[in-house]
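> Here is how the chains run, residue by residue.
Protein chains: 2
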Amino acid sequence: MQLKPIKITQLIKSLVATAAVLSVCIGCATAQPTASDPLPSWNDGSAKQAIVSFVEKTTKPGSPDFVPPPERIATFDQDGTLWVEHPMYSQVMYILESVPALVKAKPELAKVAPFSTVLEILQGDRAAIAKLTMPDLEKLAAATLTGMPVDTFQAEVKKWLTEAKDPRWKKSYTELTYLPMQEVLTYLRASGFKTYIVTGGGQDFVRVYSEATYGIPPEQVIGTAGSTTYGYTKEGKPFLSKEPKIVLNDNNAGKPEAIHLMIGRRPVAAFGNSPGDQQMLEYTKAGSGTRLAMLVMHDDAKREYAYGPAQGLPDTKVGTFTQALYDQAGKQGWTVISMKNDWKRIFAFE
Amino acid sequence: MQLKPIKITQLIKSLVATAAVLSVCIGCATAQPTASDPLPSWNDGSAKQAIVSFVEKTTKPGSPDFVPPPERIATFDQDGTLWVEHPMYSQVMYILESVPALVKAKPELAKVAPFSTVLEILQGDRAAIAKLTMPDLEKLAAATLTGMPVDTFQAEVKKWLTEAKDPRWKKSYTELTYLPMQEVLTYLRASGFKTYIVTGGGQDFVRVYSEATYGIPPEQVIGTAGSTTYGYTKEGKPFLSKEPKIVLNDNNAGKPEAIHLMIGRRPVAAFGNSPGDQQMLEYTKAGSGTRLAMLVMHDDAKREYAYGPAQGLPDTKVGTFTQALYDQAGKQGWTVISMKNDWKRIFAFE
Numbered sequence: 070m071q072l073k074p075i076k077i078t079q080l081i082k083s084l085v086a087t088a089a090v091l092s093v094c095i096g097c098a099t100a101q102p103t104a105s106d107p108l109p110s111w112n113d114g115s116a117k118q119a120i121v122s123f124v125e126k127t128t129k130p131g132s133p134d135f136v137p138p139p140e141r142i143a144t145f146d147q148d149g150t151l152w153v154e155h156p157m158y159s160q161v162m163y164i165l166e167s168v169p170a171l172v173k174a175k176p177e178l179a180k181v182a183p184f185s186t187v188l189e190i191l192q193g194d195r196a197a198i199a200k201l202t203m204p205d206l207e208k209l210a211a212a213t214l215t216g217m218p219v220d221t222f223q224a225e226v227k228k229w230l231t232e233a234k235d236p237r238w239k240k241s242y243t244e245l246t247y248l249p250m251q252e253v254l255t256y257l258r259a260s261g262f263k264t265y266i267v268t269g270g271g272q273d274f275v276r277v278y279s280e281a282t283y284g285i286p287p288e289q290v291i292g293t294a295g296s297t298t299y300g301y302t303k304e305g306k307p308f309l310s311k312e313p314k315i316v317l318n319d320n321n322a323g324k325p326e327a328i329h330l331m332i333g334r335r336p337v338a339a340f341g342n343s344p345g346d347q348q349m350l351e352y353t354k355a356g357s358g359t360r361l362a363m364l365v366m367h368d369d370a371k372r373e374y375a376y377g378p379a380q381g382l383p384d385t386k387v388g389t390f391t392q393a394l395y396d397q398a399g400k401q402g403w404t405v406i407s408m409k410n411d412w413k414r415i416f417a418f419e
Numbered sequence: 070m071q072l073k074p075i076k077i078t079q080l081i082k083s084l085v086a087t088a089a090v091l092s093v094c095i096g097c098a099t100a101q102p103t104a105s106d107p108l109p110s111w112n113d114g115s116a117k118q119a120i121v122s123f124v125e126k127t128t129k130p131g132s133p134d135f136v137p138p139p140e141r142i143a144t145f146d147q148d149g150t151l152w153v154e155h156p157m158y159s160q161v162m163y164i165l166e167s168v169p170a171l172v173k174a175k176p177e178l179a180k181v182a183p184f185s186t187v188l189e190i191l192q193g194d195r196a197a198i199a200k201l202t203m204p205d206l207e208k209l210a211a212a213t214l215t216g217m218p219v220d221t222f223q224a225e226v227k228k229w230l231t232e233a234k235d236p237r238w239k240k241s242y243t244e245l246t247y248l249p250m251q252e253v254l255t256y257l258r259a260s261g262f263k264t265y266i267v268t269g270g271g272q273d274f275v276r277v278y279s280e281a282t283y284g285i286p287p288e289q290v291i292g293t294a295g296s297t298t299y300g301y302t303k304e305g306k307p308f309l310s311k312e313p314k315i316v317l318n319d320n321n322a323g324k325p326e327a328i329h330l331m332i333g334r335r336p337v338a339a340f341g342n343s344p345g346d347q348q349m350l351e352y353t354k355a356g357s358g359t360r361l362a363m364l365v366m367h368d369d370a371k372r373e374y375a376y377g378p379a380q381g382l383p384d385t386k387v388g389t390f391t392q393a394l395y396d397q398a399g400k401q402g403w404t405v406i407s408m409k410n411d412w413k414r415i416f417a418f419e
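Chains as they are written, first to last, in my numbering: chain A, 70 to 419; chain B, 70 to 419.
Calculated from the structure, these hints are not laboratory results.
Treat the hints with caution; some may be incorrect.
Remember, identical chains collapse to one label, so a pair may be satisfied in a single copy or spanning two.
[What the hints assert, rightly or not] Taking lysine-lysine and the DSS-like style, the derived pairs with C-alpha atoms no more than 25 Å apart in a straight line are:
#1 Lys409 - Lys180
#2 Lys239 - Lys409
#3 Lys208 - Lys173
Construct all of the structure, not just a fragment, from the sequences and the given hints.
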């Protein structure tokens, strides 16, 4: 009963789901570009140069690579690209931590797997997480979310985010965004680009904090999305409630398909970090003119994490940067960002 | 074998589908609000007053009804709300007029219904349109669109729009937008609102001309949408092609559901004209604070059309403004716009 990385990733990202906004902008306030250097947390090198050169070429009037402002679309994967995804996606933690309230309401679930397994994990047996299979997680998400009004979901996620802490840094998850990537978001927006998150994560989940955390409004968050059902309260007030059926599976080929559905334009720049982002980068790069495709490589065990088989790094369970992906980057002209070498600072709180 | 209005509406709007932009802005250039009167094509009356009062209340700092700019979302149905929908949706005409090219490629279809029926219609037998059933139209759309690369579809729709003419005014369909509604779009945008089209029509179809025609970019067009499939050409170039499977049916309850999926915020203002818009208006109006919900009533047989049973107008096959809908407007505090009485001019070309 091993945790299956990619599938669980896709599933989990598929299960959580809406829009509200936290009140504090964590990283974006500290990531203002200056006239002299729009990317102060980046070391000089090919990655930084690729970004600056791309922006200059696409925004300079008269440049052969000029892109008219309405077509300046940049898409960013979230987990492992904009914020930390280890040791487990925050959305998985949200689902697991929603289980005690469910068990309180239905005590008979306490002795039934997978609910009993989750209780073990939350009581400190972190290794028990490996017992959870994809159908288990599907069951957990369905049990905790089905029928929930979307407004309630938003309020609950918002509350959870103010309380939950990452186990290593003891910080809120929304504080664990990468400062250099916040600078890229700010730099692109200041250059007339519309920035989108295109995540395998739950669209409704990410929309709760995207505006406060990244300066990206909910309508510019594309993610794995479940359907909702329109209905009425007893008093006749209309509301939307969450359903377990998936409408968008925003991973792999699902990313360009979702970009077409939600934006209707091909991005000019795209950023990712795992095989789930490959098709988005291919699709972006296949457009005419100058395009920017970048992959964040997690090779900094000291300041963050090192994972994935590329360059001899150990493979892990989430967000694997595979050798095949690394090879694709070389073949297709994508720029690999080394966290270790390209980033001067990783977090705003450092 | 009667044409079934609502179902066919939904189907047709479900079948057509992508994003490119025409080069001329038809109505929006003439619809600039002035400081003295943002709605010069409107007669003074309760409808005009409702719009102006709503904008003033929601945008005046310190007003109890003030809406922060990021939350200023306004949604507009298209057919019958922003442009003419009679005698037949332009998208149905697009599908019908795509049939000859298909028959040329596959001559054996010329004698097979529904293709043969379409050829009769196009040869002048307009009444034959009544023979077409919902499954027929489904078959026609699937036959003409399935497997088509989305880029090809965009180019074909763009070309078709430059050639096709409305039978009554002998104008391009994109010239048949309502000037007073263009003024509302412009006025709301100038007041910090983000304007969206939320149409039962094909999302990919409307996105081709939305920016040039309404000043609304493709990413702010929500419509009935088919799925696409990501694949590669023989040369390895990635592309998206159209599939006959419907992802979003953007009618009735599908409108608020799609708004949640695509925007993630509840609109503050919504405009429609038919029972397919009822849930969008309800959902909008159910939010807290001041909300604006409006229905365009087609009661001007001389300058446009009069249809729907409300106020004794004859019922017709498309965009029916029913008595039930009219009654809802009264109960729920929606404002009915009388084309005859509220609009000084209907088209920019008048």
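> Take the hints in turn and mark each one as holding or not.
Each hint tested on the structure:
1. In this assembly of identical chains, Lys409 and Lys180 lie within 25 Å of each other by CA distance neither inside one copy nor across copies; the values are 45 Å within and 68 Å between.
2. In this assembly of identical chains, Lys239 and Lys409 lie within 25 Å of each other by CA distance solely inside one copy; the values are 22 Å within and 65 Å between copies.
3. Taking the shortest alpha-carbon separations for Lys208 and Lys173, only the intra-copy value of 17 Å comes in at or below 25 Å, while the best inter-copy value is 52 Å.
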